[in-house]
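Chain by chain, the residues run as shown.
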Amino acid sequence: MKTREFILISALLVLVASGLLAAYQMHFGTVIPIEPYESAVGNPWRLLVALYVFLVLIGTGAIASAGEILGIKELEPIIKEAILISIVTISVGLITIAVDLERIERAGNALLGYANPMSVMYWMIIFYVLELLFLILEGWFYFRADLLKQSEKRGFKAFISKLLSLKFLGGFFSKQNRDLDMSFAKSIGFLALITAILAYSNLGALFSASYIPLWNDASNPVYFVLTAITAGSAVLIFSTIITSWTTGKSDERKMKAVFLLGKLLLYSLFASSIFILWRTVIIGYPAVSYLASYSVNNLIFGKFALNFWFLEIFVGIIAPILAIIAGRKNLDALFVASFLSLVGIFAFRFDFVYAGQTSKQISGMSVTPPVHPLEAIFAVGAISLALLLYYILYKLLPMEVEHES
Amino acid sequence: MNRRDFLKLILSLPLASVSIASLKSSKGYAMIIDVEKCIGCGKCVIACKIENGVPLELPISRTWIESYLDGKKIVMNTKDNPFIKIKAKNGFFVPKLCNHCSNAPCVNVCPVSARFHVDGIVLVDKDVCIGCKYCIIACPYGATFVHPEEKVTDKCTFCYHRIRRGLKPACVLVCPTGARKFGEFKEGSEVYEILKSKRFSVLKPEAGTNPRVFYLNLDTVVE
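Chains X and H, in that order, give the protein sequences. One point on numbering: in our numbering, the residue at position 311 of the first sequence is 311, and numbering is uninterrupted. One point on numbering: in our numbering, the residue at position 130 of the second sequence is 535, and numbering is uninterrupted.
The set of hints was computed from the structure by calculation and includes no laboratory data. Where a beta carbon is used, it is the ideal one built from N, C-alpha and C, also for glycine. Some hints could be false.
Unchecked claim - Covered, in the sense of this in silico footprint (three residues per stretch, anywhere, with C-beta under 8 Å from a C-beta of chain H), are these stretches of chain X:
# : region
1 : 120-129
2 : 163-174
3 : 318-332
What the hints assert, rightly or not - No farther apart than 25 Å at their CA atoms in a straight line, the calculated lysine to aspartate or glutamate pairs in the DMTMM-like style are these:
#  : chain 1 : residue 1 : chain 2 : residue 2
4  : X       : K73       : X       : D332
5  : H       : K609      : X       : D332
6  : H       : K432      : H       : E592
7  : H       : K531      : X       : E105
8  : X       : K249      : X       : E400
9  : X       : K149      : X       : D332
10 : X       : K162      : X       : D332
11 : H       : K454      : H       : D524
12 : H       : K556      : X       : E400
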């Protein structure tokens with residue numbers, strides 16, 4: 001292991017461990033007696049919910065599946081990365097929301113035994129779990145041929161490949177049939193895409209189904225699907241470029257895919273800006289209620305104004321659009337644009353969750369500090385966990401693109 | 406009452422008033438709160454907290470009192486004891502609690518069916534609740550909170566453990582002015598007769614939740 005890799009992994013491990021300690025402290029801690037979830041005096045949904053929304057709405061898997069189904073050849077070289085990123089972000093997202101539960105040990109109740117089919121949240125959980133399962137299955141078929149190939153070599157990677165390919169079971173599992181695998185992957189990818197759209201739009205509907213004016217908007221489901229595409233393309237551009245820089249390997253076909261994703265990012269950012277304008281005006285300015293205009297004004301002129309105008313609009317939308325347009329066919333510009341749009345999307349998730357609840361606060365509830373230090377430590381730990389998992393998977397799995405079909 | 410107040414009253418009544426005819430189908434328990442009788446003493450809050458094991462020192466409660474003084478709302482909690490210290494010359498008090506809505510958003514959104522109706526009362530199954538706090542988000546009345554010790558959501562149950570044994574809810578029992586009335590909503594009952602004979606209103610009727618807590622003499626729309 002190189003020194004640079006050792007430092008990176010150690011740093012990530014330290015951050016993940018800190019996140020774990022923070023989660024423990026939030027639930028069972030005695031050293032720092034805090035009540036970050038004391039809902040009657042603050043925001044019931046806080047940073048962890050915003051982080052969950054950010055993580056599970058990184059639609060790289062959906063982009064990959066759509067690319068496969070629509071036969072977009074340019075996207076083929078980055079399908080493996082896209083599937084892995086989605087598996088990692090949804091898994092870490094589900095861990096994050098489980099930590100946000102007051103009774104983490106009962107998280108299983110939401111799936112088994114006590115289901116409430118009337119609840120949007122129940123369906124959101126079901127769709128995300130299904131999407132995760134379909135992505136794992138799609139990824140398995142997509143990787144299988146390369147796993148079998150890698151299992152013939154020696155070493156730890158070969159051992160892992162043997163395990164993951166289920167080669168030890170013999171029969172179908174030990175034979176290579178790339179074409180059949182690809183058609184399976186494509187079919188399951190279709191299911192993954194459908195469940196992804198259902199999950200994203202359900203998450204939007206989950207916020208809509210409330211009396212909170214900033215959230216109570218029928219366009220939420222569509223907007224969430226759109227921002228999932230924005231986040232997905234930004235993450236894919238960012239990860240592909242950074243991997244190519246760190247490994248020193250530049251695959252021309254992967255870079256072609258990155259430029260195509262750059263176009264997708266540009267269009268989705270344009271669509272997002274129209275959506276933001278539309279939503280803000282529709283919610284706040286027909287002045288259907290005092291609460292509606294209060295919450296919109298609080299977002300755009302109140303205490304969230306800096307976040308909204310600087311992080312969401314300038315950093316998240318205007319700067320990336322300018323970077324992509326000005327730096328046409330320039331990887332550095334795309335890299336910067338993808339990073340900035342991710343910062344903007346995170347700011348949007350944060351503002352959406354917090355600013356929405358301000359209308360609850362004006363009915364007499366005091367405002368607690370928006371982010372507790374333990375929540376922040378956990379959030380950093382969760383993002384580090386996602387990076388670490390992706391790094392490990394990227395290292396262990398056969399990521400090279402060897403087929404054209 | 407000046408002309409301005411009179412106009413405000415007239416404009417607010419169509420929003421807040423509910424006719425008894427629309428309630429005839431709703432069986433089960435109901436509570437009536439007479440705003441004119443409430444003196445903001447806070448005994449109901451203390452009694453409720455003691456009866457239901459809600460920490461006295463924390464600003465969370467199954468029932469609470471809001472004072473509206475000169476148009477400004479103040480949420481009173483046990484830290485502000487004695488409650489009466491707030492001058493109520495130009496204001497009034499509105500005791501609040503879970504409205505036990507017939508069309509309860511908290512029941513609809515709970516992903517694990519931890520909230521359900523019994524005799525018109527919305528109850529919480531504390532052995533099932535996962536603490537996702539969606540009910541807190543969904544409730545338009547802010548009547549639900551996380552119990553800091555039990556780590557599940559908590560709210561008023563009309564003291565279901567008491568009324569099952571024929572007792573009154575703790576808040577009703579201790580109210581020194583009789584501002585709270587409680588009983589079954591059926592023809593001939595005290596609650597039914599009051600609602601039949603007096604003008605009453607519910608909180609946030611625009612939410613369409615069909616509350617089972619009714620207010621008398623609440624002449625203005627409160628938040």
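Next item on the list: Would you list, in rising numerical order, the hints stated earlier that this structure does not obey?
Entry: Violated: hints 2, 3, 5, 9, 10 and 12.
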